[in-house]
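Asker: Sequence:
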Amino acid sequence: MQIVDRALERRQQEGRPIKVGMVGAGYMGRGMARAMETMTGIEVVAIANRTVANADQAFSDSGIESASLVSDQEAMDRTIAAGGRAITSDPMLVVRAGGIEAIIECTGEVEGAARVVVEAIDQGKHVLLVNAELDATVGPILKVRADRAGVVITNSDGDEPGVAMNLFRFVDAIGYRPVLAGNVKGFLDHHRTPDTQRGFADAHGQRPIMVTSFADGTKLSLEAAVLANATGFKVKQRGMEGPKLDHVRDLLPLLEPKELLDQGIVEFVLGAEPGSGAFVIGYNDDPILSPYMSYFKMGDGPLYLFYRPFHLTHLEAPLSVARAVLFDDATIAPAGAPTCEVVTVAKRDLEPGDELDGIGGFTVYGMIDNLEVAQSERALAMGLTAGARVTRPVAADTMLTIDDVDLPPDRLVDQLRREQSEHFGH
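Anchor point for the sequence shown: position 151 equals 389 in this note's numbering, and the numbering is continuous, going up by one each time.
These aren't lab readings, by the way, just hints derived from the structure by calculation.
Glycine included, every Cβ here is placed at the ideal spot set by N, Cα and C.
Take the hints with a grain of salt, since some may be wrong.
Below, a list of computed lysine-lysine pairs in the DSBU-like style, where the Cα atoms sit at most 35 angstroms apart [to be verified]:
1) 472 with 535
2) 482 with 496
3) 535 with 482
4) 496 with 535
5) 482 with 472
6) 474 with 496
7) 472 with 496
8) 474 with 535
Between beta-carbon pairs, the in silico distance windows are [unchecked claim]:
9) 600 with 312: 41 to 49 angstroms
10) 641 with 664: 14 to 22 angstroms
11) 248 with 319: 20 to 28 angstroms
12) 547 with 433: 48 to 56 angstroms
13) 636 with 240: 47 to 55 angstroms
14) 319 with 501: 25 to 33 angstroms
15) 429 with 523: 23 to 31 angstroms
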């Protein structure tokens, strides 16, 4: 942060703030647009959203009333070159715009986002994913493509995986071996639907499907997969253990150091204070350092808990953009081949002909599992579910396999999945 803030100040002083294009102007997108308008050295210059009024609202909320509605590339480029702000319903106009250095993808969708990200990489732009849905599904191959193109693809600081990864790097840098990482979950009910979550969503200006993905545990598993694929960690069981605790520090007595040294784990704790944020468990059995940790009230070891009790996506995501543009540094990105997958589980009894409504819907929820288990059981990846049709009966709370559905034709995400499997040999 001390490096990033000074570098942003220099960009501002030089009269060339980082120009950002954003795809998605929902609850989080609007918050990020407003945050960047108050920051130094970075600004959103173009926003694409299916409903253009939401893109206009994002600028209006940021105090910008003069955003130009554009419908072709020439108008987009001309608006940005003149120092204006542009809105459009066509994300490709933003992705292909000259002068934009980074794209923020924050739709929460998979297929549409895949098309945006692939094009952004091809256009030589850095990509910030505020989209665990896409990252958990095809993030590893998108990272391969980004590396080949010489750009950074990263998930977001401020979301729990990014917060955990920052802690992971800190713990590792101070000589403590990270062995477990995760976040704090306040509530979990796999059978929540957009109907049960509509009141909460309306009260907070969010979409019911997004809130449902939080409540039913799908987003938790997607974010855990992002963290697992960045660290090489795995899970102890499908869906993780998720012990219910009074405080996150109560996790330490439940852990066996030797088991964690054999294989790092991603995990969550349920209902625990401080109620939000992320944590990393670090291991160090150095007899000289141990008394120092005890003195600083970190415990007697050899396992030590490091945690941050908050995550502020709308404020912190722009810092991930700055790290990518200014330092070629990803906050959190796949380390190589995936280690975990989010498998699909029926939320209710499903019959042949039923159409799956995807993440945060009425039909299915997601649970993280180790990749080798998911593959051996031919699990249907949660990120592929939208629009799939059930071909045979599946009982509630039963995992769906790829043999249980017909997938929609001609999707880029399916091509990327095949490319990912071929590249990593699994």
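Asker: Determine for every hint whether it applies to the structure shown.
Answerer: Against the structure, the hints:
1. 472 with 535: 29 angstroms, holds
2. 482 with 496: Holds: residue 482 and residue 496 sit about 23 angstroms apart, inside 35 angstroms.
3. 535 with 482: 24 angstroms, holds
4. 496 with 535: 23 angstroms, holds
5. 482 with 472: Distance of about 20 angstroms is within 35 angstroms: holds.
6. 474 with 496: Measuring from Cα to Cα gives roughly 14 angstroms; hence the hint holds.
7. 472 with 496: Judged against 35 angstroms, a Cα distance of about 15 angstroms means the pair holds.
8. 474 with 535: Holds, because 29 angstroms separates the two Cα atoms, which is no more than 35 angstroms.
9. 600 with 312: 41 to 49 angstroms: Check passed, 43 angstroms falls within 41 to 49 angstroms.
10. 641 with 664: 14 to 22 angstroms: Hint holds: Cβ distance 18 angstroms, inside 14 to 22 angstroms.
11. 248 with 319: 20 to 28 angstroms: Holds, at about 22 angstroms.
12. 547 with 433: 48 to 56 angstroms: For residue 433 against residue 547, whose Cβ atoms are near 32 angstroms apart, the range 48 to 56 angstroms is violated.
13. 636 with 240: 47 to 55 angstroms: 51 angstroms, holds
14. 319 with 501: 25 to 33 angstroms: 52 angstroms, violated
15. 429 with 523: 23 to 31 angstroms: Taking Cβ atoms as reference, residue 429 and residue 523 lie about 43 angstroms apart, which means the hint is violated.
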